[in-house]
Each structure stands twice: as C-alpha cells, then as structure tokens.
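Those protein sequence lines, which keep their order, are chains A and B. As numbered in my numbering, residues 149 to 262 make up the first sequence, in order. As numbered in my numbering, residues 123 to 233 make up the second sequence, in order.
Since the hints were made in silico from the structure, they are not lab data. Please note: incorrect hints may appear among the correct ones.
Some chain B residues close to chain A (C-beta under 10 Å, calculated; not the full set) [said to hold, decoys possible]:
#	residue
1	Leu211
2	Ala213
3	Gly224
4	Val231
Here are the simulated distance ranges between beta carbons [stated by the list, open to error]:
#	chain 1	residue 1	chain 2	residue 2	range
5	A	Glu227	B	Gln173	32 to 42 Å
6	A	Ser215	B	Gly219	20 to 30 Å
7	B	Thr148	A	Arg258	26 to 36 Å
Remember, it's a predicted structure, so these values are computed and weren't measured experimentally. Glycine is no exception: its CB is placed at the ideal position from the N, C-alpha and C atoms.
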Amino acid sequence: EADIYQTPRYLVIGTGKKITLECSQTMGHDKMYWYQQDPGMELHLIHYSYGVNSTEKGDLSSESTVSRIRTEHFPLTLESARPSHTSQYLCASSAPGQTNSPLHFGNGTRLTVT
Amino acid sequence: KQEVTQIPAALSVPEGENLVLNCSFTDSAIYNLQWFRQDPGKGLTSLLLIQSSQREQTSGRLNASLDKSSGRSTLYIAASQPGDSATYLCAVRPSWGKLQFGAGTQVVVTP
C-alpha cells in the first residue's frame with residue numbers, strides 16, 4: 149500500500165510551461181528525495197531534503213527547484229519546461245535518523261514535454 | 123564514486139525455475155544494499171535491505187546475499203511465477219555520499 153503519493157501520474161505539456169509535480173507522504177519521514185529515471189537507465193538523484201526548510205541538489209544537475217515547507221510535502225517545480233525534461237520523476241522518503249532505513253517510493257510522474 | 127552494475131540487463135525464464143540476479147559495486151565501504159522491484163510505469167517497491175554487517179536476508183521466496191569484500195550481492199527468487207515479471211534494481215548506500223542505483227535487470231517469467 150502506498151504511503152507516499154505523487155500527482156499527476158502522467159503529464160503532457162508544451163514547451164515553456166511552468167509545472168509543479170506534487171509529492172506527499174503520511175509516514176512522518178524527515179528525509180525526502182526526487183529521482184529522475186529514463187527508460188532502461190539507473191535512477192539519478194536530483195534533489196533531497198533532510199527536513200523542513202532544508203533542500204539540497206543531488207548528483208544530477210537539474211533545472212528544477214524544490215521546496216520543503218511542511219514535513220509531508222516536497223513539490224518539484226520546473227519554471228519553463230523543455231523537451232529535454234521528458235522523463236519519469238520518482239519521489240521517495242525514508243525514516244529519520246536511521247542510515248539503514250529502507251527507501252519508500254511513490255508511483256512516479258511520467259512527464260512528456262512537446 | 124561508487125558504481126553499481128547489474129548483469130544481465132534482461133532475463134527470461136520458464137515458470138518454476140529459480141531466478142538468480144546479480145549486483146556488483148566498486149567500493150566495499152557501504153552501510154547497506156537494498157533490492158527493489160519496479161513494475162512498468164510504477165515506482166519502486168523495497169524487497170530486501172541488507173546491512174553491511176549481514177551476509178544475507180530472506181523474505182518468503184526471496185533471499186539476498188551480500189559479499190562486501192568482493193563487491194557483490196545476489197538476489198535469489200525461488201520457484202519463479204509469472205507475477206515475478208518486473209525489473210529488479212539494486213541500490214548501494216556508501217559510507218559517504220548518497221544511494222547509488224544500478225540500471226536494473228528486466229525479468230520475464232513465461233508460463
């Protein structure tokens with residue numbers, strides 16, 4: 149059962165539009181992450197947060213931005229979408245203070261920019 | 123930088139056969155290794171997490187082993203079923219840095 153929710157599941161938009169991908173979790177997890185995944189490729193970390201008002205860029209350079217105003221909510225925003233942003237975006241969370249806690253994922257948002 | 127490799131990229135087996143999936147990593151300084159399952163168009167589901175001090179973890183038909191010194195982990199799925207068809211990913215949490223994922227092994231179990 150999913151305790152981490154992503155909306156929308158699918159999104160097709162035109163170049164230049166501003167979009168926000170939503171991610172919410174009900175598990176009280178402090179740590180939240182955004183990954184980007186292209187077909188057949190490994191996941192790449194683009195943003196993470198260790199708590200409210202804490203955000204960091206990940207390993208993969210991304211033109212997106214994130215915010216963490218509430219523990220349960222970690223939205224990702226693209227100010228001006230481009231075809232190169234077409235990908236699957238996966239949100240994840242893990243329990244606080246435990247390096248060995250497993251990662252929980254949402255079902256992802258598949259973004260297509262035309 | 124930790125690199126994680128999964129070979130083969132794809133695997134097809136008849137129903138009932140045991141599945142053996144491999145994951146190798148370049149730096150043995152890790153906190154844990156996690157195996158995930160991903161169904162088409164979906165997110166990842168955690169299957170097993172092996173801490174660096176453990177040699178294996180079991181859950182039902184799944185067994186994962188870890189050999190840090192050789193930089194390898196193996197996921198065994200006994201008596202495979204068509205419902206086991208999915209992509210299986212391993213991810214390594216190094217002692218430094220963030221979780222590193224392999225590209226996955228796509229498994230098809232034929233009836």
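Here is what the structure says about each hint:
1. Leu211: holds (8 Å)
2. Ala213: holds (7 Å)
3. Gly224: holds (6 Å)
4. Val231: Nearest chain A Cβ about 19 Å off; hint violated.
5. A/Glu227 to B/Gln173: 32 to 42 Å: holds (41 Å)
6. A/Ser215 to B/Gly219: 20 to 30 Å: Once the Cβ atoms are compared, 24 Å apart, the range 20 to 30 Å for B/Gly219 and A/Ser215 holds.
7. B/Thr148 to A/Arg258: 26 to 36 Å: holds (31 Å)
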